[in-house]
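*Asks:* Spelled out, the chains give:
There are 4 protein chains.
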Amino acid sequence: MYEHQTTVRVRYAETDPMNVVYYGNYAQYFEVGRVESFRELGFSYKIIEELGIMLPVVELNIKYLRPARYDDLLTIKSQIRNLPIDHRIVFDQEIYNEEGKLLTVGMVKLYFMDEKLGNRAAMPPLMLEKLSVYFS
Amino acid sequence: MYEHQTTVRVRYAETDPMNVVYYGNYAQYFEVGRVESFRELGFSYKIIEELGIMLPVVELNIKYLRPARYDDLLTIKSQIRNLPIDHRIVFDQEIYNEEGKLLTVGMVKLYFMDEKLGNRAAMPPLMLEKLSVYFS
Amino acid sequence: MYEHQTTVRVRYAETDPMNVVYYGNYAQYFEVGRVESFRELGFSYKIIEELGIMLPVVELNIKYLRPARYDDLLTIKSQIRNLPIDHRIVFDQEIYNEEGKLLTVGMVKLYFMDEKLGNRAAMPPLMLEKLSVYFS
Amino acid sequence: MYEHQTTVRVRYAETDPMNVVYYGNYAQYFEVGRVESFRELGFSYKIIEELGIMLPVVELNIKYLRPARYDDLLTIKSQIRNLPIDHRIVFDQEIYNEEGKLLTVGMVKLYFMDEKLGNRAAMPPLMLEKLSVYFS
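Chains as they are written, first to last, in the working numbering: chain E, 1 to 136; chain H, 137 to 272; chain A, 273 to 408; chain Y, 409 to 544.
Since the hints were made in silico from the structure, they are not lab data. The reader is advised that the hints may include incorrect statements.
Below 30 Å or equal to it, Euclidean Cα-Cα: the simulated DSS-like pairs (lysine-lysine) are [unchecked claim]:
1) H:Lys182 to Y:Lys524
2) Y:Lys517 to A:Lys373
3) A:Lys318 to E:Lys46
4) A:Lys402 to Y:Lys471
5) A:Lys318 to A:Lys349
6) A:Lys388 to E:Lys116
7) A:Lys335 to Y:Lys454
8) H:Lys252 to H:Lys199
9) A:Lys335 to H:Lys182
10) Y:Lys454 to Y:Lys485
11) H:Lys266 to H:Lys252
Part of the chain A face toward chain H, derived, beta carbon under 7 Å [said to hold, decoys possible]:
12) Arg283
13) Ala285
14) Gln300
15) Glu312
16) Phe315
17) Lys318
18) Glu322
Bear in mind that the values here come from a model prediction, so they are computed numbers and not experimental data. Glycine included, C-beta positions come from ideal geometry on N, C-alpha and C.
Sequences are here, hints too, so could you generate the full structure?
*Replies:* Here is the structure:
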C-alpha cells in the first residue's frame, strides 16, 4: 500500500453561509492530496500529462462526517491500496482537522487515458516502477 | 416519486485544461437541480433556511460516464424516489447533454438539521405536505 | 453602443459566511454576461475559439456597491461602448438585483489573441460585421 | 509599509481550457495573501470576525500581465502601503511565478464593518497596534 499525507488551509472562498466548506469543494482537496502524493513519488501530474496521458475521474464517493470550517488546517491522507494492473487507479482519501478528527472519507477512481487516441491506457512505466516498490 | 428537470449552461470557469467540466463542479449542477426542484414544489431552499432548518449534504456518489464541455446546455434531472420519513432526504440526479446523452449519474443524501439546536430534525410540515402529493 | 442583458441565479456555492456572493465570483457572472451578449450577436464564444482566436482577460476593475445574496436573480448588463479597432475589446458591466438596485460595476478588457502564433490579433471579420451595425 | 510573502500551488480546478488560471480565481490567491499577512502580524482573520468585524472587499483592480499555469508555485506579495486611519484598508498585491516573472498586479480595497450594527468601523485596536510598528 502506498500512503501519503499533505495539508491544505481552508479558504474563505471555499466556505458557505452554513460557515462550513461547501460540499463540492472537497473534490479540490482530494485533488491536492493526489497531486502531492504523485509528486512525492517522484513524478508530477504535469509530467503524466506531458507523456500524453490524461487521468479523468470516473467515480467519486464522499461521506461527510463532520464539517471543515474556515481557516482550518486540514490533513489529507491519500492511499493507493492496490497496485494498478490495468487502466484504473483508485485513491482512498480521508480528511482530518487539526484536532485529529476525521471529517470526510472519499473514494476516487480514475482512468489512464491516451490523450491522442482517446482510449484507455496502461499506467506509464515510470509511474509503475516508482509505485510497485510499495507493493512487494 | 417526484421528478424535476432544469437546465444549466456550462461556464468557462467550470472547465479545465482537458476541456471538460472539472469533476468537483458537478456538485454545483446537482445543487441547482435540487434548488429548482424545491422552487417548483412551492417553497425555496431560502425559505427552509429561514425556518431554521439547514440541509447539509452527508453523502455524495457520482459516476462520470461522458464529459460535459464548455457552453453545453445541460439538463439536470432530479428525483426524490422515497418520501422522507425521518431526517434524511435522498436525491437521485442525472445530467444529460443537448443530444440526450447521459453524462453523469449521482446520488446526494442530505439531513434536515435544526440550526439552533444543532441536531437532526424532521422535514418541515409545509414541505411534507407539498411533497406527499407525489407519493400517494 | 451595443448593450445586452441576461440573468443569473446566485448559487449556494458562490456565497460565503458573510451570506453574500464571494468577491471573486462576480468574474463568473461577468463572463456569463459577455458570453450571452456574443450569442445574441449571432456567434458564440465557442465559435471564436474554433477560429483559433482566444480572448484572455488582461484587466478587470470591480466596484462592489451592495452585496448579492443567495438565490438572488441577478441581471447582468453588458455594454461594448466602442467598436474595437485593434486587438482590444472592452466590456462595461453592471449587476442589478431584483429590486433594480445596482450591486456591482465592472470593466473587463480582453485581447484577441491568435492561439497558434501566440500574438495579438484583430477581431474576427464575422464579429466585426455583426457588431459594427450598432456603431453606425 | 508592511510587506508579506506567501506561496500557493495552482490547482487543476483553477485552470481553464486555455491551460491558464481562470481570471476570477486570482481573487482567491489575493485572499490567501491577505489572510497569511494577517496571521504573520499575530492575529488571524478568523479572530477579526470573532470580534464582530467583517472585512468585505469594496474594490478590486487586476492587471493580468502573464498567465499562471497548472502546478505553478506562485509567490503572492502583499503590501499595506498606508496605515489605515479610518474604515478603509488597501492591499497592493503582486503574483510571481517560480522564475520570478511578475504575472499579476492587483489592488484590493476593503472596509472594516461592524457586523451587528451594519456600518463602517475602525480597525480593531489590536490590529492597529501590531500594524503601526511598520509605519513609524
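*Asks:* All hints, please: hold or fail.
*Replies:* Hints and how they fare:
1. Simply put, H:Lys182 and Y:Lys524 have alpha-carbon atoms about 21 Å apart, close enough for the 30 Å limit, and the pair holds.
2. Taking the CA atoms of Y:Lys517 and A:Lys373, the gap is about 22 Å. The hint holds against a cut of 30 Å.
3. A distance of roughly 26 Å separates the Cα atoms of A:Lys318 and E:Lys46; the hinted pair therefore holds under the 30 Å criterion.
4. Simply put, A:Lys402 and Y:Lys471 have alpha-carbon atoms about 29 Å apart, close enough for the 30 Å limit, and the pair holds.
5. Our distance criterion of 30 Å between C-alpha atoms is met by A:Lys318 and A:Lys349, whose separation comes to about 21 Å.
6. With a CA separation close to 19 Å, the supplied pair A:Lys388 and E:Lys116 stays within the 30 Å bound.
7. Note on A:Lys335 and Y:Lys454: the hinted pairing holds, with a Cα-Cα distance of about 25 Å set against a maximum of 30 Å.
8. Restraint check for H:Lys252 and H:Lys199: not satisfied, since their Cα atoms lie roughly 35 Å apart, outside the 30 Å limit.
9. With a C-alpha separation of about 27 Å, the suggested pair A:Lys335 and H:Lys182 falls inside the 30 Å cut-off, and the hint holds.
10. Distance hint between Y:Lys454 and Y:Lys485 is fulfilled; the C-alpha atoms sit about 21 Å from each other, no more than 30 Å.
11. Proposed proximity of H:Lys266 and H:Lys252 is supported: the alpha carbons are some 25 Å apart, at most 30 Å.
12. At its closest, the beta carbon of A:Arg283 sits 6 Å from a beta carbon of chain H; the interface hint therefore holds under the 7 Å criterion.
13. Satisfaction of the interface hint for A:Ala285 is found here, the shortest Cβ-Cβ separation to chain H being roughly 5 Å, below the 7 Å cut-off.
14. Contact between A:Gln300 and chain H, as hinted, is supported at the beta carbon level, the nearest pair being about 5 Å apart and thus within 7 Å.
15. Violation of the interface hint for A:Glu312 is found here, the shortest Cβ-Cβ separation to chain H being roughly 14 Å, above the 7 Å cut-off.
16. A distance limit of 7 Å between C-beta atoms decides the matter here; for A:Phe315 the minimum to chain H is near 12 Å, and the interface restraint is violated.
17. Annotation: interface hint on A:Lys318 holds; nearest CB of chain H at approximately 5 Å, less than 7 Å.
18. For A:Glu322, the interface hint is violated, the least distance from its beta-carbon to any beta-carbon of chain H being 11 Å, above 7 Å.
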